[in-house]
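Engineer: The listed protein sequences correspond, in order, to chains A, B and C. In this text, residue positions in the first sequence follow my numbering: the first is 65, and each later residue adds one. In this text, residue positions in the second sequence follow my numbering: the first is -8, and each later residue adds one. In this text, residue positions in the third sequence follow my numbering: the first is 41, and each later residue adds one.
I should point out that these hints are in silico values taken from the structure, not numbers from a laboratory. This structure is a prediction, so every number in the text was calculated from the model and none was measured. Incorrect hints may appear among the rest.
[Unchecked claim] Pulled from the structure, derived: some chain B residues nowhere near chain C, Cβ distances all over 12 Å:
1) Gly12
2) Ala13
3) Ala48
4) Ser59
5) Asp71
[Claimed, not checked] With a straight-line Cα cutoff of 35 Å, these simulated DSBU-like cross-link-like pairs (lysine-lysine) come out:
6) B/Lys35 - A/Lys66
7) B/Lys38 - C/Lys100
8) B/Lys35 - C/Lys43
9) C/Lys95 - A/Lys66
10) C/Lys43 - C/Lys100
11) B/Lys38 - A/Lys66
[Stated by the list, open to error] Covered stretches of chain A (chain B as the covering partner; in silico rule of three or more C-beta atoms under 8 Å from a C-beta of chain B):
12) 74 to 82
13) 85 to 93
14) 167 to 181
Positions of the beta carbon are idealized from the N, C-alpha and C atoms, including for glycine.
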Amino acid sequence: MKFAIAVFSAAHAPSSRRALLFAQAVLAGGHEIVRLFFYQDGVYNASNTLVAPQDEQDVARQWRELVNAHQLDGVVCIAAALRRGVLNAEEATRYQRSAANLDAPWALSGLGQLHDAAQAADRLICFGGP
Amino acid sequence: MWYLTLLLPIAASPRCLRICGAEDAILLCGDGAYGLHNPALRTKGVKVFVLAEDMQARNLPLPDWADSVDYPGFVQLSLDYSKVNTWL
Amino acid sequence: MSKSLLVISRQAPWSGPSAREALDIVLAGGAFDLPIGVLFMDDGVFQLAPHQDAKAVQQKDLSANLQALGLFGIDEVFACRHSLGERGLTQPANAQPLDSEAISRLIDRYDQVITL
C-alpha cells in the first residue's frame, strides 16, 4: 500500500518523531511512501543548521538518513519554508539572504506536490501539533 | 466508510467526539493518551486505541475499553480504516 | 477519478499561520481542479466573521482568500453550526452551516481529510 505522509511540526516536537517512527514502520511493513511533505513548522525538519543536544535524539538527522537510505521523495513547501527562513542556495541568492540552510536530499516545491502525493497514495497521514 | 482519528491534545477529545460516528475509531497519541482518563471517550461507542509508547511514558493504566498499539499496529490501523484524520 | 479532500480549518484567523496555510492547501487544490471541500470548525469559524480589520494588527486579510474559493471552483464550503453558536456568530454568508451529525456524514463523503 502507498502512503503520503505530511509533517506539520518541527524536529523538536514529539509529533515529528512520531511521524518518523510511523514512516519507518510503513517501510518495515513492506509498504511504499509516495512522498514526505513538510508544511507549516514541518519545514524546520529540513534545516541543516539544527543542533540537537548530544544526549537527545536528532530527529532532523534521522529524517535525512531515512530519505537517503530509501531514496524517498522529501519535499518541503517553499512558501512555508521561506516564511520560516528555511532556504536553499537558489532562494538565498534570490532573496539576498546571507546563508542557505536547506540542501539535498530535501527539495523545495509547492503545495501541488502535497495534492499530487495525496492523489497517488492509498492513505494520507498527517502529523503535527505538540 | 470508517475513519480513524488521531487525537493529540487533551482538550480536543470532546470536540472531536461530536463528529465521530459509531463505526469510527480514535487513536490517542502524544498527550492525547491522557484521554484514557476521559470517561466521555467510552460512552460514544467509538473504538479507542492508544499508542503504547505514550501510555508507557506517562505511566497510564490501560482501561478495559481501550487497546494499545505499537507502530506496526498503528500502520495497520491506518489501513483498516478508510482514512485518517489527525486532530491537532 | 480524483480523490476528494476535505480541509478542516480550526484556528482563528490570526492565531499563527494555520488559518492562512489551511486556505492555501484548499486554493492549491482548486487550482489543480481537484475535488476539495473546506469546513470551518471550532475557532476556525471566526475566519468567517464579517467586518474584520486585519490591518489593525498588520496581519494578512484572509477575506480575499475566502472570496477566491468560488473563483477556484471550490463550492463545498461549510461551517460547524455548534461552533458558530458557541461563539455567538450568526449564519455566515459564505458557508453552509452543518450540525455534528451532518459533519460526520460530510467527513464520510471525502476520501481524505487534513485538519489544521
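Engineer: Please go over all the hints and tell whether each is borne out by the structure.
Structural biologist: Evaluated hints:
For B/Gly12, the shortest C-beta to C-beta distance to chain C comes to about 5 Å, within the 12 Å cut-off, and the non-interface label is violated. The beta carbon of B/Ala13 is not kept farther than 12 Å from every beta carbon of chain C, the shortest such distance being approximately 9 Å. Look at B/Ala48: its CB is around 24 Å from the nearest CB on chain C, clear of 12 Å, so calling it non-interface holds up. Residue placement check: B/Ser59 keeps its beta carbon more than 12 Å from all beta carbons of chain C (closest about 24 Å).
Here B/Asp71 stays apart from chain C, with its beta-carbon at least about 16 Å from theirs, past the 12 Å limit. Between the alpha carbons of B/Lys35 and A/Lys66 the distance comes to roughly 31 Å, so the proposed pair stays at or under 35 Å and holds. For a cut-off of 35 Å, the pair hint linking B/Lys38 to C/Lys100 is broken: about 41 Å separates their Cα positions. For the hint linking B/Lys35 to C/Lys43, the alpha-carbon distance of about 29 Å falls within 35 Å, and the restraint holds.
Between the alpha carbons of C/Lys95 and A/Lys66 the distance comes to roughly 44 Å, so the proposed pair goes past 35 Å and is violated. Between C/Lys43 and C/Lys100 the alpha-carbon distance is near 31 Å, which keeps this suggested pair within the 35 Å criterion. In summary, the hint linking B/Lys38 to A/Lys66 is supported, as the alpha carbons are separated by about 25 Å, within the 35 Å threshold. With a threshold of 8 Å between beta carbons, the proposed coverage of the stretch 74 to 82 of chain A by chain B holds, since 3 of its residues qualify and at least three are required.
Figure legend: the stretch 85 to 93 of chain A, annotated as covered by chain B; annotation consistent (7 residues with Cβ-Cβ distances under 8 Å, at least 3 required). Three residues within the 8 Å Cβ limit are the bar, and the stretch 167 to 181 of chain A against chain B gives 0, so the coverage statement is violated.
Consistency with the previously given hints fails for numbers 1, 2, 7, 9, 14, ordered from lowest to highest.
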